[in-house]
Amino acid sequence: MSVLEIRDLHVSVGEGDDAKEILRGVDLTVRSGETHAIMGPNGSGKSTLAYSIAGHPKYTITGGTVTLDGEDVLAMSVDERARAGLFLAMQYPVEVPGVSVSNFLRTAATAIKGEAPKLRTWVKDVKTEMAGLEMDPVFAERNVNEGFSGGEKKRHEILQMRLLKPGIAILDETDSGLDVDALRIVSEGVNRSRAEGEIGVLLITHYTRILRYIKPDFVHVFVNGKVVEEGGPELAEKLENEGYASYVKASEVASA
Amino acid sequence: MSTDNNLDTPAEELGSEELAAAETAQLASELFAPGVGAQAGPPTTPASGTGTAGEAAPGAHSHGGPAPTGSPAERFTSTDPDAFGVPTGREEAWRFTPMKRIKPLLDGAASDAKLDWSTDLPEGVELLRVDAGDPLLKGLPEPVDRLAALTRQNSAGADVVRIATEAQLDRPVTLGLAGSGSADVVWGQLVVEVGAFAKATVVLDHTGLARYAGGVTVLVGDSAQVSLVSVQDWAPGAVHGGQYDAVVGRDATFTQVVVTLGGDLVRLVSNVQYAGPGASAELFGVYFSDETQHQEHRLWVDHAVPNCTSNVLYKGALQGEGARTVWIGDVRIRPAATGTETYELNRNLVLTDGARADSVPNLEIETGEIVGAGHASATGRFDDEQLFYLCSRGIDAETARRLVVRGFFADVVQRIGLNELQDRLMASIDARLGALPALDEQPVEVA
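Protein chains in written order, with this note's numbering: chain H, 1 to 256; chain R, 1 to 447.
To be clear, the hints were calculated from the coordinates, so they are not data collected in a lab. Each statement offered as a hint is correct.
Okay, the calculated beta carbon distance ranges per label pair:
#1 R:Gly354 x H:Glu80: 26 to 34 Å
#2 H:Asp72 x R:Ala431: 31 to 39 Å
#3 R:Arg171 x H:Asp179: 52 to 60 Å
#4 R:Ala431 x H:Lys113: 24 to 32 Å
#5 R:Arg90 x H:Lys113: 57 to 65 Å
#6 R:Asp353 x H:Ser77: 16 to 24 Å
#7 R:Lys114 x H:Thr110: 43 to 51 Å
#8 H:Lys113 x R:Asp353: 31 to 39 Å
#9 R:Ala427 x H:Ile61: 33 to 41 Å
#10 R:Gly322 x H:Arg212: 51 to 59 Å
#11 R:Leu128 x H:Ser77: 57 to 65 Å
So the derived list for chain H, only partly shown, Cβ under 10 Å to chain R, looks like this:
#12 Pro97
#13 Ile112
#14 Leu164
These figures come from a predicted structure and were not determined experimentally. Glycine residues also receive a C-beta, built at the ideal position from the N, C-alpha and C atoms.
Isolated chain R (complex conformation):
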């Protein structure tokens, strides 16, 4: 009953028009007609064809196969890399990814290469290593693609950050993960386990040069409040792929902030599932793709229990020839997930010609008993006219771009809540803007 709602939005073809939810379910199309925002009222009858799609308890999975009556196919998951086959680039999950550049992470050659770790662990935080047979790993959400399955397999265990029940950390947990330039793939699996009622922020700070396949799972205890900040500030040439999972406990709050600036290719898959009702997840992201950089963020929020909320806000800027970003935002509201409230928004700002942003929001609604659901995507240009306007007020071209991009990113970056990190990221964004040509060096477009 549900249709994929793929809205490819190459910048060349789109103005800044809003792409509201188009054709989802029959019911959803009534609910989310253009102009209807996230606050559509609760309908009184469930959607036709609403079936028993099954609950997604943490770690649950299906092996694909024919979908049950009327419900969308389950996402295939497996810990066995070969169960996925080797992707060719034609698969839905890989069709945007430059396969040559990500190949090392899909070949799967085991290696002993490591990132250099520098850690800051506040009181109440434990960092330990578990081996592959540890029961903790058995309970994690399974890999959704070959890359993630290889990561699980080749990392032969996991590094575990354990935050005690009721812990109130006085500062963030920081894991500095630096690449040292090895050509061998670094395989890493991290589990962040947060006890009930704890309050914690965990920062993963990726820098340096590496080929890194890193899985991250955050297990959020009941009523815990957890922020995970993942910064991809890699050196040029780095390749980073990984699956991020969050299992959010009853009445817990999970916030994820993904900041992707550096590297040659970054492809992150972020999944959220709820272990109990009353939980909320907020997924924020900023990305800035420069010449030839490929930055891909795929999100999957699985509402399978009642009264949970999700809010997704990703913003990206692109500049230079071959700058490429991909944002996929999948939200599924299963029949049992009554009282769900969800909204996702992706905005892209194209600063120069030669860049391309794809944005594909998908919303699958299998119950009418929800508070609200919606999504929007827009890709716009910082164009010559805007630049002319700002410059005509005495503002030089570099400052003008900085003004626009800073304003564009600021509302997301501020969600990190850590001033020092925010300043560093904004400075990094500024530095990239400074490399742009001045107005009179740009090709003139004749209207």
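Bound-form chain H, shown alone:
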């Protein structure tokens, strides 16, 4: 059972006079077994939220708290956050030349579990999960993200989530750039983790398309660096029909 609590989170990017506030007081709680969708227009700060929780050095936390099961996440290094049970499936995973997928996965699993996984079960787990995501076994010998297509990168992200079994997974625009088949495959991977019941999911997306495959329990509308409306799955349908225009307008009026 994990609980991620975000309270009045303020985040800026840049330093000194160039500093720009991106997040302006975010409140959010995600528990194991829950799936939250964060929806918002481009530039609203959705990805900043994801990367701030994961600890990307580009972002400066200027206020608020993030805790995981009461532990101060913001005081942790990037790798400590992952070992505490946070996982970020990135929108643009970087290439890491010279490091094979299989070596990378084993090293990550060893770091997360605190000991090297037993070889026989590990190899079997990797094969099973790769098959579930319809990934060719030769994939394991390629270098991390090197020359991967957009769809392959996203499958690789979800493969890591499946194998590392985080308490809270943040999926940053995992649906972007995927064709229908790839979207289905990736979504089924996420749903397998949800079915196991131990994971809390924070699903960041611009479009409602992925929500047809991954049904959220809660939907948060994110505009101009904060949550402006919350609701159930029906809120996604409203956004599908009406878009973000009214929220953006309201936000502009409010900040004027």
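The hints should help you fit chain R onto chain H, whose structure is shown.
Okay, now just chain R, sitting in the frame of chain H:
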């Protein structure tokens, strides 16, 4: 007709883009347009301006002067140090080298200082000393710069490792060469003479503190298979310069692995020439430059006879303020060298700010009748984004760097083929990586 194809690649300016052969000869530019790899098909007509550049038999040399019609100037060689003059640092061959730091090796003061030798000589191997007048030395390829000429002169003879014809060694020949901290320059000339059909690996293991000018010549007999491994695992402060020559016999195979890790300054010039057709040479290198270390590797492969191959792969990593590496890869395919196949590749991995890697591949092609020729150079960074990605999977920063650098170096280090040495070198690389700051101690770059 040939243009120098100098591609300086300071890390700050380059992504990981490939620098394919740019403007070489007119023909070559057609052959090796961007995107065309090493396997360009053989053209049907020779390049215009193909002249008689002359054969480079072992030991042959020219004294520069005006180049014959259309062909690039011959490389100047001489056994007389004064024929080169004292370099100022503006010369092409010295423009990357920190002249103050290499000065003792260019001043040329004779000395009796020696390295401490520890040798492991398998059955079939002889180690002897010849004096300066020995005919063996007359036949060696000549020095290409003042440092090498001084080395030849001041070493007053040579140590010779002689491996008998048809010898099949049961283990490598190992020469441990340790510096004892003397401020005097140690001058040394080594000749490795391998008989026809022999199969041998020779390891030169440089350690300790020294100012060392060491020439190494490997004479590879016909159909012999020879590996030379030269490890520069010097203590901090060591200065090492030297010219390595290989003369590769007919149908012979020569492999050179250069591993440069330690020392203040290491500058090695490796030349390959072929004494007969059907020979192949593989030149591998790894280098890892830490704060203020200067590591320079200059290669020159001279294809002057038909049907030979050469393959060059050098990989370097750099970290820390003032870490500096230079890689120059010259390959020349003379008119007579039909059927040549050559490829050279240099990769640099910059791990921190403040480091600089220069990479200059040159390819001069004077005959169209070749199997293939190409080169590539790329300098990339292990950047904050890669580090973040690996750390976001629970991997700590030190392990992340180790993972990346190990992977980067492993394919070259494995070419050594000696497990114990490979393990030692990887451990040495690991130890350096451990000294790096953690992610949160690093300056944050705002994109």
